[in-house]
Amino acid sequence: MKLVYFAWVRERVGKPEETVDVPAGVTTVAELAGWLATRGEEYAYAFENPDVVRAAIDKRHVRPDTPIAGAAEIAFFPPMTGG
Amino acid sequence: MDCPVTVRVQAEDFDLAAEVAALTRGRTDVGAVVTFAGLCRGEAGTLAALELEHYPGMAEEEMGRVARQAAERWPLQGVTAIHRHGRIAPGENIVLVVTASAHRAAAFAAAEFLMDYLKTEAPFWKKEHRADGTSGGWVEAKEADDRAKERWT
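Same order as they appear, the protein sequences are chains Z and A.
Be aware that the first sequence starts at 64, since it is given in my numbering, and climbs by one per residue.
Be aware that the second sequence starts at 157, since it is given in my numbering, and climbs by one per residue.
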């Protein structure tokens, strides 16, 4: 599964994107963020406050309880500050 | 009603007058055009530039979705939304919204709606570069922007 990161989530993780094998049992966006947070210090830092990090599946905003099955690309990013 | 929707995400500047002209050229049914341009503030000389990061593809999709929502909600004759990315210096343009309608109420409301949604839904993030050479960090999202959006629901 392809993961992409933006803004300070990208900086904390230390890379803009990666492809990961998500373990069985990780089925929602929130569970994915929780699993990522266990992958090392940089991930723990990026996902230290899971309520703040937003997500998109295949370029659409999703809520934490959204299933990740079938997703081609999942993005994690801070609240948006454009405009 | 057929309402042309134009959405662009670009590094280069935009020309406000040209974008207005593109919506009104050859038409005699447009009675009101509202434009909103968002510019980079210098913060009293402390800011060297803003860096606008975006999610390519999703940024265009979200802006298009919001623009089409506006066109469904108000009787518009044209909508244009342009958002820049990359490094933007104080005084430069960041974002443009243009709405055209027969009457001003729809054009004003749709422009405000578009900006309220773009600020909270379009995947852009601002990072500050300070005039003293340090990074000012990422701009934090404002609760006031969320509240501004909620008034339309």
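Among the hints, a few may not be true.
Unchecked claim - Covered stretches of chain Z (chain A as the covering partner; in silico rule of three or more C-beta atoms under 8 Å from a C-beta of chain A): (1) 66-72; (2) 118-126; (3) 133-146.
For the record, the hints were derived by calculation from the structure and aren't laboratory data.
Heads up, the beta-carbon is just placed ideally off N, CA and C, and yes, glycines get one too.
Status of each hint after checking the structure:
1. 66-72: Check passed, 4 qualifying residues.
2. 118-126: holds (count 4)
3. 133-146: Result for this restraint: holds, n = 8.
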